[in-house]
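S.K.: Sequence:
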Amino acid sequence: MRASKSTDLAMMMATYGLRFLVVVFTIAAAATFLHVNNYRPRDDVSNGIFGALIVKQADIRDPHRALYDIDDSSHVILVSQWQHSGEISFTETSHAKPAILLVNGRGRQPNGPRVPFTKFTVLPGRRHRFRLANAGGAGSCPITILVDAHPLLLIALDGQPVEPRQVASITLAKASYWINVHTSKECGTSSINGGAILNYKGSSTEDPEAVEQSEAEESNDRIAMTTNPADKCGNPESLCVMEVHSLRKMPSGLGKQKTDVTVRLPINYKLQTNDIVGNGVETRVLNVNNATFTYPSSPLLSQGGDVSGETMCYSTPDEDDARVENNETASLSSRRCRRSDATASNVCECVHVRYIPLGATVEIILLDQGGLDDLVYHLHGYTFYVVGARKFGRSVSLQELKSMDDKGQLFSRNLDCTVAKDTVVVPKFGAVALRFKANNPGIETN
1 MRASKSTDLA
11 MMMATYGLRF
21 LVVVFTIAAA
31 ATFLHVNNYR
41 PRDDVSNGIF
51 GALIVKQADI
61 RDPHRALYDI
71 DDSSHVILVS
81 QWQHSGEISF
91 TETSHAKPAI
101 LLVNGRGRQP
111 NGPRVPFTKF
121 TVLPGRRHRF
131 RLANAGGAGS
141 CPITILVDAH
151 PLLLIALDGQ
161 PVEPRQVASI
171 TLAKASYWIN
181 VHTSKECGTS
191 SINGGAILNY
201 KGSSTEDPEA
211 VEQSEAEESN
221 DRIAMTTNPA
231 DKCGNPESLC
241 VMEVHSLRKM
251 PSGLGKQKTD
261 VTVRLPINYK
271 LQTNDIVGNG
281 VETRVLNVNN
291 ATFTYPSSPL
301 LSQGGDVSGE
311 TMCYSTPDED
321 DARVENNETA
331 SLSSRRCRRS
341 DATASNVCEC
351 VHVRYIPLGA
361 TVEIILLDQG
371 GLDDLVYHLH
381 GYTFYVVGAR
391 KFGRSVSLQE
401 LKSMDDKGQL
411 FSRNLDCTVA
421 KDTVVVPKFG
431 AVALRFKANN
441 PGIETN
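Residue 51 in full-length UniProt numbering sits at position 51 of the sequence shown, and the numbers go up by one each step.
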């Protein structure tokens, strides 16, 4: 790679018949990365190839090096979903759930074969650094991990160091212990489980049996940490991501009350008619500002002139504000959307593009209006700061959101040492605000 936006890409297509593809790139920072390769753009990661990419740094540059003794390359916990069907869709009455959760590709179905669990070996009395990634288990359901009889110390999120926070304090014992992962209680009537084994080197204890009940019992003195920025905040028994502080303060330009650009993005669902789906089932299709994203026919960066204007949706923050002031619910871009072949569907697909001036300070407010589930938002090319979040408990219009924000009633922003991330949860019927400086020119996907 040449460290240039005209050559470097966030994604690359390996076309049919290509035997192998070699990608060379420069690592800018130490972090734990999750790489995902899907056959189709709308596939879930369980239908593709995924894994961890660990980038380490010299001990002298690691601000948390004194907090652990061993950083073993095998101590990576990658949680993924497995289900019987390869197709994942969201219907009007239900959403996809896996049969089980896998830890590093291994797990057991209820009453199924006794597949060996993934085993992690540790040394008694030593502090071990583990890296955890959720590769998409249970759709957008959050995944909880518990290590039997062991405290956990959080030191980083999305590759960014944070002030250490302990989420349990229990005396260590020498033996084998059960590692339990499960979906959250709020995600459905019953949780989905997975597991692995934490084994002490030299221990003669037999491997523990998996917890068979639907949920693992959590200790009363355990503090539960969640990456949802608006879930269980202020609860003495919980720790939400807004209560986690970065080791580094937010850049001064982002700490002002108003940013140069504010982008408000309402996220909702529309029912896709069965003549499009083809199987007689109505499916919910995600849209942002009433437009569902589709990929361009050619790369916008290098061959943007080859992309038909009929497929493009352009919008600026000023145009968005004008529509909000006029109480318009439909996006101007929807009139330029690519139409499907004479269908009655009102689903509008286009190449949805937002223009941001180079060097501007930007605040994006994501608003979930659909209320189907918590959403996960990832921004390529940037690390952003989560400055505010809240739940409404109902669907809120974009005009109402802007009115609350103008009156200072939306949320109190943390403009000091809020956590830095590249992925954030948008709460169901909620809003989250994130900030970054637009200093990485190019076309980024989110």
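Hints should not be assumed to be uniformly reliable.
Unchecked claim - As a list, the in silico SDA-like pairs of lysine to any residue whose alpha-carbon atoms are at most 20 Å apart:
{"id": "1", "residue 1": "56", "residue 2": "66"}
{"id": "2", "residue 1": "270", "residue 2": "75"}
{"id": "3", "residue 1": "119", "residue 2": "158"}
{"id": "4", "residue 1": "437", "residue 2": "158"}
As the list claims (entries may be wrong) - Here are the simulated distance ranges between beta carbons:
{"id": "5", "residue 1": "67", "residue 2": "306", "range": "32 to 38 Å"}
{"id": "6", "residue 1": "302", "residue 2": "69", "range": "44 to 50 Å"}
{"id": "7", "residue 1": "150", "residue 2": "382", "range": "33 to 39 Å"}
If you are wondering where the hints come from, they were derived from the structure by calculation, not from laboratory data. Cβ atoms here follow ideal geometry from the backbone N, Cα and C, with glycine treated the same way.
S.K.: Now tell me, hint by hint, if it's right for this structure.
M.R.: Against the structure, the hints come out as follows:
no., hint, result
1, 56 / 66, "holds, 15 Å"
2, 270 / 75, "violated, 42 Å"
3, 119 / 158, "violated, 24 Å"
4, 437 / 158, "holds, 18 Å"
5, 67 / 306: 32 to 38 Å, "violated, 52 Å"
6, 302 / 69: 44 to 50 Å, "holds, 48 Å"
7, 150 / 382: 33 to 39 Å, "holds, 35 Å"
Violated hints, listed in ascending order, are 2, 3, 5; each of the other numbered hints is respected by the structure.
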